[in-house]
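Residue-level listing of the chains:
2 protein chains.
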Amino acid sequence: MTITNKDKLIIFDTTLRDGEQSPGVTLTVNEKIEIAKQLSRLGVDILEAGFPVASQGDFDAVQRIANEVGPLMVGREAIGKPITIAGLARAVPADIQRCYDAIANAPLKRIHTFLATSDIHLEHKLKITRDECVKRAVAAVTFARTLVTDVEFSPEDAGRSDQDFLCTVLSAVIEAGATTLNIPDTVGYNMPEEYGSMIKYLITNTKGSDKVIWSAHCHNDLGLATANTLSGICNGIRQVEVTINGIGERAGNTAMEEVVMAVHTHPDFFPVYHTINTTLFFRISQLVSSLSGMVVQPNKAIVGANAFLHESGIHQDGVLKNKQTYEIISPETVGANTANLVLGKHSGRAAFRSRLQELGFGELTEEEFQVAFNSFKTLADSKKRVTEQDLIALLSDQVSSSAGENTTYTIKSLQVVSGTSFATATVQLQNTQTGDVLIDAAIGKSGPIEAVFLAIQRLVGKKIRLLKFDITAVGQGVDALGQVSVKIAEGSASGASSDNEDSITETENKNAGLNEATYHGHGADSDIIQAATKAYLNAINRLIANESKRILGERKVDV
Amino acid sequence: MTITNKDKLIIFDTTLRDGEQSPGVTLTVNEKIEIAKQLSRLGVDILEAGFPVASQGDFDAVQRIANEVGPLMVGREAIGKPITIAGLARAVPADIQRCYDAIANAPLKRIHTFLATSDIHLEHKLKITRDECVKRAVAAVTFARTLVTDVEFSPEDAGRSDQDFLCTVLSAVIEAGATTLNIPDTVGYNMPEEYGSMIKYLITNTKGSDKVIWSAHCHNDLGLATANTLSGICNGIRQVEVTINGIGERAGNTAMEEVVMAVHTHPDFFPVYHTINTTLFFRISQLVSSLSGMVVQPNKAIVGANAFLHESGIHQDGVLKNKQTYEIISPETVGANTANLVLGKHSGRAAFRSRLQELGFGELTEEEFQVAFNSFKTLADSKKRVTEQDLIALLSDQVSSSAGENTTYTIKSLQVVSGTSFATATVQLQNTQTGDVLIDAAIGKSGPIEAVFLAIQRLVGKKIRLLKFDITAVGQGVDALGQVSVKIAEGSASGASSDNEDSITETENKNAGLNEATYHGHGADSDIIQAATKAYLNAINRLIANESKRILGERKVDV
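If you're matching them up, the sequences are chains A and B in order. Going left to right, the first sequence walks through residues 1 to 559 as the numbering used here numbers them. Going left to right, the second sequence walks through residues 1 to 559 as the numbering used here numbers them.
Just to be clear, a hint being listed does not mean it is correct.
Derived DSBU-like pairs: lysine-lysine, alpha-carbon spacing no greater than 30 Å straight-line [as the list claims (entries may be wrong)]:
1) B:LYS345 - A:LYS462
2) B:LYS377 - A:LYS345
3) B:LYS412 - B:LYS468
4) A:LYS445 - B:LYS445
5) B:LYS468 - A:LYS468
6) B:LYS462 - B:LYS412
7) B:LYS135 - B:LYS200
8) A:LYS412 - A:LYS377
9) A:LYS8 - A:LYS81
10) B:LYS200 - A:LYS200
11) A:LYS468 - B:LYS445
12) A:LYS81 - A:LYS135
13) B:LYS462 - A:LYS345
14) A:LYS445 - B:LYS377
15) A:LYS211 - A:LYS81
16) A:LYS377 - B:LYS468
17) A:LYS445 - B:LYS200
18) A:LYS445 - B:LYS412
19) A:LYS468 - B:LYS345
20) A:LYS463 - B:LYS377
21) A:LYS412 - A:LYS445
22) B:LYS445 - A:LYS412
23) A:LYS468 - A:LYS445
24) B:LYS377 - B:LYS412
25) A:LYS345 - B:LYS468
26) A:LYS6 - A:LYS81
27) B:LYS8 - B:LYS200
28) A:LYS445 - A:LYS463
Simulated from the structure, these hints should not be mistaken for laboratory data. Remember, it's a predicted structure, so these values are computed and weren't measured experimentally.
Using the sequences provided together with the hints, build the complete structure.
Structure representation (structure tokens):
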């Protein structure tokens, strides 16, 4: 890369914070750490690991990421420093202190504090005046600077805020010591031209604007997050807040892969360069999709399954004659060759270990490696070619159900009979704590998966509501790995539990409005019924683990 | 809607042409007609129905759409005229004549002819000079105007063409009688500013530019199709070429719902108004997704399952206090309330019929209605609430397997035994042509679905390769409808058939490069194994139907 007279584009990834706010997505600590490691290898500059005050679970996750991923240098040799760990905090001292406590051990750390500045938010949500808003913002930044040197401030709903008032707030927080100012288009309403003009206006009219980094944070409600972010870059933005696959609330956040590849393919158009290892995009996209259960549509730009496939004869002919006629990015640039044969049933431990290293799963313990190798062997037995996609799915499955979390029940055996009438399932579970082996059967009117779920409910002696059930096929062919993700809650349909005494605030808890714990489970198998069974039991084990914690007097944990 | 001093934005839908070029998507004629009817109700101005010269199947589909959908006025009362049926044609007389023959019976019709104008395409693909390019374009438009009054011309790869040469070509085709000029960014490379500037430059420097409608056709390779199209509108574009869900080759085309809703939510920003019935967006999005097998990711703007869901406590609180804090579009505006209860097991024929009418499936024959009602009753028996989403999935299923296509085999019964070891399936089929009932069993190493597919292969006596296998769950809960779509070809893995004597040209056939027929099948059922069985048999019936046609001496048909 030849770099002259250009600024570096700083990549601030918020997959684990804003991305994890996608409806139905709940990542466990192990899952978050795996994603964080991959983001570090990818070359992300700043990783927003969570919102520590939201729950004990969020705090623990941010702390473990700060401790375990904060110091890593693997894949970052060229960048020369580890990833910065950021935590989110409202503009109140308790949030900021809690955020600092979570990130304290990271070699590089940032506190990201925010406060709404639009009149509609001040009036209806915060019920404060503009003056109080400025005071609160300054106080928050001042306090954060007593803890760390790297402080980011975001005026929430900047897109609908009065621009001159925004300049007042921003000038004040720069003076208070903020080092990065982030301008969110919280509701995804701006047109690219409008967003770019707003950035230009703010940079021109904010006192001390040349002392800070300006950052863009766009939402995709009208499908314009990438365009708005790029328009920002043309007008002075040097940090972009993005997520892998563009996941996030509603229609999501800006997709990292789209912004980076736009800059990558237009070196003369943008005043910035990037230091992301683009060849890892496809893999990390699949990992995030597996663990979050958020499907990537085939026509998704850059990382969709079809992104590099040419169907029509005219295009195929063009590509054969000269690649440039229809290709602006080669699939290799983003690592989109994961359907390649990687391993077969005769592949040994050495080959398997070397593939894992390539995929960034090189740091498994010997025990974890053995579990992964056994799963691989079982899979290789039932399908001829084990692809990179399959391995990522298998390993995601292992991360989701891995040690360090309590596994109360494991499957001993499963038998299903189904057909054109009712389905019957017989399930045998082992309780790993007591050693008991339980067996029972149930019928399902809607097919074998319902039968399995009902049999498991009988065995664990709980009423479970299924809130979400997603199936996707990884790879092609009948032996494609089926991936199932489920979300459950305890209780029967009408009886939502209302014990919210553990909530940290009345309204700011992640599940406010519902006030009940939900549990996510994930399973992968070439047999779709077994994948569903694994996912369901995975979620139930999490529910049981959380119950024991609560009995032991811990705070409510968002699992 | 108050309309003053604004031009109407003309919506040109190409879901059935460029959208159907998505890898792995092949729609049957019945499926295309169903989508076309819904597009007409939606208020689309021009419907590109296909590329008639590509195959006999394409020709037949365009002709039936011209005949059956061309005259419809349902839902178009406010627009005052039926939908214009367009067909695509290369800039050669045979294509243009064939296109005219297909659309001839539509009350309003358009020929859309195209020719590449970038040097890279002229040199490497067409191997002609710039002078020859102008001559060929003028000749094509002149000939098309002898057949119809409405002629659109597209300079392919305009984004990388020399702009002055483009003006020369465009001035010449205006003089030859073109009424719409469409400027494609074929490879999705342009930045919004660049695309807008190009449009402005072309309109300023093309002779007679005020006599024609200027049209945008953008691709989404960098995630910027919507932004480029909108930038075009700000610079003089008055027709947009779009698809539902943004489906299309590689990363797809511009999504209609995104462009229309950007205009809808920014009445003061854009110099245009639209006449689309936005409340139908969600339904038609689901219909296209079901029939094409192209999944819509949950974080897709406007039509994604999460597009209107708020997860974080802060946002939920904001929404409860004042909807406007986080909502720029109400779910009702785009019809995103399909999870509502619509029908239960006690609902009768009248209620069912009235729901079908609301969903735009009101024109079923009495026989088709009876089949649909029976499927509904079966479903209602296994789940409490039958939602709008379920009905769309059921009806899509019926469209896919409906009468008018030969159904050789039907399922008599199915029995599956599976579990922690091998799966076994016993399948009983009836051959509707001979009346024979066949039964056989097979085992599947990868689970029950493989066992079913292998048993069916034995029964029909064919080697089938499975090229694609997708599962999605419609709705939530364990009784969600499973939708399976498969793509198959005849032969064992290595033996791709090479008889391409029926290809219309050496390189332009849709399956050029593969030269083999592929068949798509679709099935929906709350039992995932039954859904897979239906999909597989649906595809096999199409394969068999096509074989009989070929034996009867017909041309190769893209099914």
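Taking the hints in turn, this is what the structure says about them:
no.	hint	verdict
1	B:LYS345 - A:LYS462	28 Å, holds
2	B:LYS377 - A:LYS345	47 Å, violated
3	B:LYS412 - B:LYS468	25 Å, holds
4	A:LYS445 - B:LYS445	26 Å, holds
5	B:LYS468 - A:LYS468	25 Å, holds
6	B:LYS462 - B:LYS412	19 Å, holds
7	B:LYS135 - B:LYS200	25 Å, holds
8	A:LYS412 - A:LYS377	19 Å, holds
9	A:LYS8 - A:LYS81	15 Å, holds
10	B:LYS200 - A:LYS200	24 Å, holds
11	A:LYS468 - B:LYS445	28 Å, holds
12	A:LYS81 - A:LYS135	35 Å, violated
13	B:LYS462 - A:LYS345	28 Å, holds
14	A:LYS445 - B:LYS377	14 Å, holds
15	A:LYS211 - A:LYS81	22 Å, holds
16	A:LYS377 - B:LYS468	24 Å, holds
17	A:LYS445 - B:LYS200	61 Å, violated
18	A:LYS445 - B:LYS412	19 Å, holds
19	A:LYS468 - B:LYS345	23 Å, holds
20	A:LYS463 - B:LYS377	28 Å, holds
21	A:LYS412 - A:LYS445	24 Å, holds
22	B:LYS445 - A:LYS412	19 Å, holds
23	A:LYS468 - A:LYS445	18 Å, holds
24	B:LYS377 - B:LYS412	19 Å, holds
25	A:LYS345 - B:LYS468	23 Å, holds
26	A:LYS6 - A:LYS81	20 Å, holds
27	B:LYS8 - B:LYS200	19 Å, holds
28	A:LYS445 - A:LYS463	18 Å, holds
In summary, the structure is inconsistent with hints 2, 12, 17 from the numbered list given earlier, while agreeing with the others.
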